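Colleague: Residue numbers (the numbering used here), protein chains in the order written: chain X, 2 to 204; chain G, 181 to 814.
No lab work stands behind these hints, which were simulated from the structure alone.
The reader is advised that the hints may include incorrect statements.
[Claimed, not checked] Each pair of labels, with its calculated beta carbon distance range:
| id | chain 1 | residue 1 | chain 2 | residue 2 | range |
| --- | --- | --- | --- | --- | --- |
| 1 | X | ASN38 | G | TYR518 | 24 to 32 Å |
| 2 | X | VAL150 | G | TYR518 | 18 to 26 Å |
| 3 | X | ASP99 | G | THR663 | 52 to 60 Å |
| 4 | G | LYS507 | X | LEU129 | 29 to 37 Å |
| 5 | G | VAL280 | X | GLU137 | 44 to 52 Å |
| 6 | X | ASN38 | G | VAL280 | 49 to 57 Å |
| 7 | X | ALA81 | G | GLU755 | 29 to 37 Å |
[Claimed, not checked] Computed list of lysine-lysine pairs in BS3-like fashion (alpha-carbon distance at most 25 Å, straight line):
| id | chain 1 | residue 1 | chain 2 | residue 2 |
| --- | --- | --- | --- | --- |
| 8 | X | LYS127 | X | LYS156 |
| 9 | G | LYS503 | X | LYS98 |
| 10 | G | LYS610 | X | LYS98 |
| 11 | X | LYS80 | X | LYS9 |
[To be verified] In silico negatives: residues of chain X with every beta carbon more than 10 Å from chain G:
| id | residue |
| --- | --- |
| 12 | PRO36 |
| 13 | LEU111 |
| 14 | LYS127 |
| 15 | ALA157 |
| 16 | LEU168 |
| 17 | LEU203 |
Fair warning: this is a prediction, and the values are worked out from it, not measured in the lab.
Cβ coordinates follow ideal geometry from the N, Cα and C atoms, glycine included.
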Amino acid sequence: MNDANTLKSCWSCKGPMPAEELFCPTCGAVQGPLPVNHFRRLGIAVSFDLDVPALDRLYFDLQRRLHPDRFATRAPKEKALSQQQATALNDAYETLKDPLKRADYMVHILGVEVLPEGCTLVKDQKILIEAMEMREKLAAADTMEQLNVIQRETKAEIQDVLSALSLAFQGHDIPGACELTTRLKYLDKMMGEVRHARARMLA
Amino acid sequence: MATLLQIHEPGETPAPHQDDKKAAVGIDLGTTNSVVAVSVDGALEVLTDDDGQALVPSVVAYAPDGSAIVGELAKRLLLSRPDSVVSSIKRLMGRGAADVKSLGGQLPFDIEPAQEGGSQLVRLNVAGRKLTPIEISADILHALRERAEGRLGARVDRAVITVPAYFDDAQRVATKDAAKLAGLEVLRLVNEPTAAALAYGLDKEAEGLYAVYDLGGGTFDISLLRMEKGVFQVLATGGDAALGGDDFDHAVADHFLKQRQAELGETELSTSEVKMALMTGRVAKECLTLENDGQWVLTVGDKVTHHKLDRVTFDDLIRPEVKRTIKICHEVLTEAGYDPMDVKGVVLVGGSTRVPQVRAAVAGFFGSEPLADIDPDQVVAVGAALQAEALTVGSDTLLLDVTPLSLGLETMGGLVEKVIPRNTPIPVAKAQEFTTFQDGQTAMAIHVVQGEREMVDQNRSLARFTLRGIPPMAAGAAHIRVTFQVDADGLLTVAASEATSGVEAQVEVKPSYGLSDEEMSTMLRDSLMHAQDDMELRLLTEARVEAERAMLAVRSALQADCSLLSMQEREVIGEEMDKVIDAIRGQDRDAINAAVENLDAATRTFAERRMDKGIRDALTGVSVDALKVGEGDA
Numbered sequence: 002m003n004d005a006n007t008l009k010s011c012w013s014c015k016g017p018m019p020a021e022e023l024f025c026p027t028c029g030a031v032q033g034p035l036p037v038n039h040f041r042r043l044g045i046a047v048s049f050d051l052d053v054p055a056l057d058r059l060y061f062d063l064q065r066r067l068h069p070d071r072f073a074t075r076a077p078k079e080k081a082l083s084q085q086q087a088t089a090l091n092d093a094y095e096t097l098k099d100p101l102k103r104a105d106y107m108v109h110i111l112g113v114e115v116l117p118e119g120c121t122l123v124k125d126q127k128i129l130i131e132a133m134e135m136r137e138k139l140a141a142a143d144t145m146e147q148l149n150v151i152q153r154e155t156k157a158e159i160q161d162v163l164s165a166l167s168l169a170f171q172g173h174d175i176p177g178a179c180e181l182t183t184r185l186k187y188l189d190k191m192m193g194e195v196r197h198a199r200a201r202m203l204a
Numbered sequence: 181m182a183t184l185l186q187i188h189e190p191g192e193t194p195a196p197h198q199d200d201k202k203a204a205v206g207i208d209l210g211t212t213n214s215v216v217a218v219s220v221d222g223a224l225e226v227l228t229d230d231d232g233q234a235l236v237p238s239v240v241a242y243a244p245d246g247s248a249i250v251g252e253l254a255k256r257l258l259l260s261r262p263d264s265v266v267s268s269i270k271r272l273m274g275r276g277a278a279d280v281k282s283l284g285g286q287l288p289f290d291i292e293p294a295q296e297g298g299s300q301l302v303r304l305n306v307a308g309r310k311l312t313p314i315e316i317s318a319d320i321l322h323a324l325r326e327r328a329e330g331r332l333g334a335r336v337d338r339a340v341i342t343v344p345a346y347f348d349d350a351q352r353v354a355t356k357d358a359a360k361l362a363g364l365e366v367l368r369l370v371n372e373p374t375a376a377a378l379a380y381g382l383d384k385e386a387e388g389l390y391a392v393y394d395l396g397g398g399t400f401d402i403s404l405l406r407m408e409k410g411v412f413q414v415l416a417t418g419g420d421a422a423l424g425g426d427d428f429d430h431a432v433a434d435h436f437l438k439q440r441q442a443e444l445g446e447t448e449l450s451t452s453e454v455k456m457a458l459m460t461g462r463v464a465k466e467c468l469t470l471e472n473d474g475q476w477v478l479t480v481g482d483k484v485t486h487h488k489l490d491r492v493t494f495d496d497l498i499r500p501e502v503k504r505t506i507k508i509c510h511e512v513l514t515e516a517g518y519d520p521m522d523v524k525g526v527v528l529v530g531g532s533t534r535v536p537q538v539r540a541a542v543a544g545f546f547g548s549e550p551l552a553d554i555d556p557d558q559v560v561a562v563g564a565a566l567q568a569e570a571l572t573v574g575s576d577t578l579l580l581d582v583t584p585l586s587l588g589l590e591t592m593g594g595l596v597e598k599v600i601p602r603n604t605p606i607p608v609a610k611a612q613e614f615t616t617f618q619d620g621q622t623a624m625a626i627h628v629v630q631g632e633r634e635m636v637d638q639n640r641s642l643a644r645f646t647l648r649g650i651p652p653m654a655a656g657a658a659h660i661r662v663t664f665q666v667d668a669d670g671l672l673t674v675a676a677s678e679a680t681s682g683v684e685a686q687v688e689v690k691p692s693y694g695l696s697d698e699e700m701s702t703m704l705r706d707s708l709m710h711a712q713d714d715m716e717l718r719l720l721t722e723a724r725v726e727a728e729r730a731m732l733a734v735r736s737a738l739q740a741d742c743s744l745l746s747m748q749e750r751e752v753i754g755e756e757m758d759k760v761i762d763a764i765r766g767q768d769r770d771a772i773n774a775a776v777e778n779l780d781a782a783t784r785t786f787a788e789r790r791m792d793k794g795i796r797d798a799l800t801g802v803s804v805d806a807l808k809v810g811e812g813d814a
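Chain X extracted, bound-state conformation:
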């Protein structure tokens, strides 16, 4: 790719600089965020199989340089740009660190044309029936032990879906990934409801 060679003019010293640099090599001024995808922003390849601790380190390193706390005594324009950078970075990190948001985002950037309606539309009756059955089971649970069983089952299912998602993305099966993402959304909601039920029972 030739992108790395693309030049732009630094807003502060007006001189030429590589477009992807965060700071101007000549005068050191912080630059605004580029309209790149979340993976590129953190300097990693598009992949569902992310090493989250490594992602944390990349995120911390970038925030160390870009966070508004580093620009508290600087010129207003630099403060504003740092805030934009930190905002974009937070958005990227929040999206990528969570498997559900990551899957949703990947389907969005890889399959916009295939799936204009996104992943919320449930075409699969099976998913609906499964979700309804789980909800009934949760409503019927009245001991902590029953809740724990449901929680364990849901957790195991989430693990299965995550493994399947990894394979789907590796095989570029975007419609498949989309269906799995929808299922993951239901399971995630289910986990939240189980947590609430536990909290109610404890209170």
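Got chain X; can you put chain G on it based on the hints?
Modeller: Below, chain G alone, put in the same frame as chain X:
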């Protein structure tokens, strides 16, 4: 003058007025007590009075001439002149009259009724004046500033001020406005538990998952943080901005007043009786923290009543409040997906954590003895001072905080649509699209609320915005994009534009519990603290910072591409740079801005040549590479 002898290259003189010795302080603006601390070259100091006292009681007494007395002396006047003394004002920051907690049907403040249609921000009648909590807090901040200036022997006009993590936007804005009135530039608003974690983590080199349990006079916060190698990442936060040690005092005072009413057969209570009972309640609480029982006397007018209280009864009185804090701890952990045993340590912050029942409850819930080896009254100010130094001098530590409460919008039927969920890392920006529902509609009202409940009236109203200047279109055709931005201080700004026409809609803000811009400037004018001068000075400082940024940019450019200029051209730029230096040295910010603009104009051709050269160099680079590839292939 020595300056006559100085010989320098154009633009090379160090800029004057760079008073590097000017320290930025850390301020814990508390409900009961406030503390100011400073860190210079890593040496921390909590600034004390002549008697060695670090805590400044957050109590303000107003003299008939309007002057304010803050601290210990004001606290002593609380009983003798209740009508002109204010305490616990932090509980009313960004709040309305309806939020004030009554005791025995009596308010501990004399409240001025809110004006119809105006801001709901509460106003107090004190010593014949109508004062907002913002002005009263400004008096406390001003006293802290004076203490710092006295101790450091230097002007202090920048500070990091801490706020409860659970403070909403109105309360944060109120705090920042109070600082402005006190002539302080807020470098950052830092959440109290985060400041405490910073002080604790740096001091003890703590690593792992920690909880900070912060029970102050009027607020409760619980924050869950991950600490590692200089990074303080807040994962989740929760709390109650109206729950604190004051409520323990209230519970005891209520108990005493019931006994008193039963004994005297009275039904009506006076404001003085309420204030007296609250004072006695506080004394009783402090006493029962160390002792098992005690006896107190309430004397108001010529009526005297005696009250006994032991630890067991006291514990019963405050149990509901303590239980509530533990319930909140549980909710925060659950939502973040952790169990109590995942937490490596719990740091205690706030004077109210000295109450034995509180410590026992925290230890019971987390299954480990809580950590209190840094004075819980001072640890927040220490953290703020460390952050103030980090922001002005620089540091490797990184504070990553979150939004404590969800931000949302009122939709049809009084429902709330969440735009930014709580516990989202800040800074954050989210956009939402709206459309018109009437043909030719040119304005739209937007109501911003903060909170977790589903209905608008169960949440806190932050502001109402009116978007004007929407181009007339058919109903549903306009795409109005409203962007919510929360900055690193946790403060919200809203911007709106119409997508199809690109028209920027004007946003008129009417804060529900804040000051309008006019009120703010009137207060600045009226303030006895020369805040107006401070404002001017701040604008001047900003102009200088910007001028220095421009000088640095030109200097770097000259160093990189000096060869692109003739001697004469270099001289012209040098002259403009000298003019900027002269302007920076002066006191006229318009002159500084004008000099910077002239410098900008004088370097325009230079900038164009640099871009041309850059593009030429890049092209040359590509062709050389292409040539190499070609050779390799051959």
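Colleague: Hint by hint, which ones does this structure get wrong, listed from lowest number up?
Modeller: 3, 9, 17
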